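**Q** For the record, the sequence lines run as chains A and B.
Per my numbering, residue 1 is the first one in the first sequence, and the count goes up by one each step.
Per my numbering, residue 1001 is the first one in the second sequence, and the count goes up by one each step.
Rather than coming from a laboratory, the hints here were simulated on the basis of the structure.
Errors might be hidden in some of the hints.
Pair by pair, the computed Cβ-Cβ distance ranges are [unchecked claim]:
id : chain 1 : residue 1 : chain 2 : residue 2 : range
1  : B       : SER1116   : A       : GLN27     : 22 to 30 Å
2  : A       : HIS36     : B       : GLN1067   : 25 to 33 Å
3  : B       : THR1216   : A       : ASP81     : 17 to 25 Å
4  : A       : ASP38     : B       : GLY1082   : 24 to 32 Å
As the structure is a prediction and not an experimental result, all values here were calculated from the model.
Where is the CB? At the ideal position from N, CA and C, for every residue including glycine.
Chain residues, written in single-letter form:
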Amino acid sequence: MRSHFIFAVLAVALLAAAPARAKDSGQKFKTVEPKHFDRAEGVELSTDFNDYLYAELRNQLQKTKLFAQVIGEGEVVDDADATASVVVSGTLTEYKKGSVAKAVLIGYGAGSRSLKAQVNVTRRSDQKNLATLEVHVRASPRWTEKVLAQEAARELAKQIKNSLQHESAS
Amino acid sequence: MRSPALPLGIATFLRRNRNLALLAWGGVFALCLSSALLTARADDPKPTPANTIHVVLSEPVPPQKFQLPVKFTVVDVVDRAGNPQPMLVTNGHGAIFVDRLPADIVRDAIESSLKSADLLAADASSADVTLGVYLFHFGLAAGSGGDYFGKVELAVTVKNPKTGKSQQVSASGTSISRIAMLKKNAMKNLEENLTGALGDAVRNLLRGQALRDAVTKTMAESSTGN
Chain A
1 MRSHFIFAVL AVALLAAAPA RAKDSGQKFK TVEPKHFDRA EGVELSTDFN
51 DYLYAELRNQ LQKTKLFAQV IGEGEVVDDA DATASVVVSG TLTEYKKGSV
101 AKAVLIGYGA GSRSLKAQVN VTRRSDQKNL ATLEVHVRAS PRWTEKVLAQ
151 EAARELAKQI KNSLQHESAS
Chain B
1001 MRSPALPLGI ATFLRRNRNL ALLAWGGVFA LCLSSALLTA RADDPKPTPA
1051 NTIHVVLSEP VPPQKFQLPV KFTVVDVVDR AGNPQPMLVT NGHGAIFVDR
1101 LPADIVRDAI ESSLKSADLL AADASSADVT LGVYLFHFGL AAGSGGDYFG
1151 KVELAVTVKN PKTGKSQQVS ASGTSISRIA MLKKNAMKNL EENLTGALGD
1201 AVRNLLRGQA LRDAVTKTMA ESSTGN
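Start from the sequences, fold in the hints, and give me the full structure.
**A** Okay, here's the thing in structure tokens:
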């Protein structure tokens, strides 16, 4: 009888916490505008890579559910929404093509493709820097560079979400 | 009748096997013809209702609000993609096509969006600003291999017909969706993908800061009489 009572109390507590949790993971920002990333000197990637990374980043930012709208580059935002809007810009600082031979002969991550990017998240209204992130992703050299872009976009969206949640909490 | 140039044995052999030689040449000719037909068929698939998708904006893109009252007209949509088969989306699944020319799809999307906000002029003569659209890409671009990467790229000449001054604006839209094994699903995904990329490009154009600046500049030139 007592165990039933405890179970019922726990169930009620969980049900009560659920809406609060849903509310907590709600959209905190009106818009986010990712920009095409710049490339540092020596970063040799195909011309399509930046477009693909941009498109994938938009997809991943949408999935974070932190932003009501992911707008395109250079789109206007209403003045009322500018304070709750952020801009994501960045630079691809390093790209290593990798080596299939090393990956096969040595293994354990040797010879993998890698990409480093430095990303800034700024508030649209006053250009205040909300976060500066460093992202380093690796992929097998057998995969195309677009797979690396997917990984980079996923990692970026995750880090942006974490940093903005901490920013709004503090 | 015997040819004096040929020895007796060869001439006899040729005479006796004339029918066989004709048959062989006929066979070679038929083989060439069928291979040419097959090649032509492989290079030039045709759109049918079973392999055609309909790309149209599900709802018009709301354009931005301009400081001055302005009416647009789309004078031209020129396809500069240089695609020999502009309606062909992919050769996969025995070829998938769009039902209209990309230029018509883009024109329809821009005009319907402008019309929804009452920014489309009734005719070209009553327009304050004309839009000349150059379409540089419409369709799939190279993706990761596991997805469809749709891309639409536009360059638009924003022109004031009264002063003749013009500004160039570019806009692009992208969309990524999952690849599909079945043709039915592939067509559905491609339709969503291209519609998404089209909507994104039209939105990027009509809600872009670049269009606002171009319109403001051309209208200001008109009002000052420059």
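**Q** Does each hint fit the structure? Answer for all of them.
**A** Each hint tested on the structure:
For B/SER1116 and A/GLN27, the hinted distance range of 22 to 30 Å is satisfied, since their beta carbons lie about 26 Å from each other. Checked against the given bound of 25 to 33 Å, the beta carbons of A/HIS36 and B/GLN1067, roughly 28 Å apart, stay inside it. A hinted range of 17 to 25 Å holds for the C-beta pair B/THR1216 and A/ASP81, which are about 21 Å apart. Checked against the given bound of 24 to 32 Å, the beta carbons of A/ASP38 and B/GLY1082, roughly 28 Å apart, stay inside it.
In this structure, every one of the numbered hints holds.
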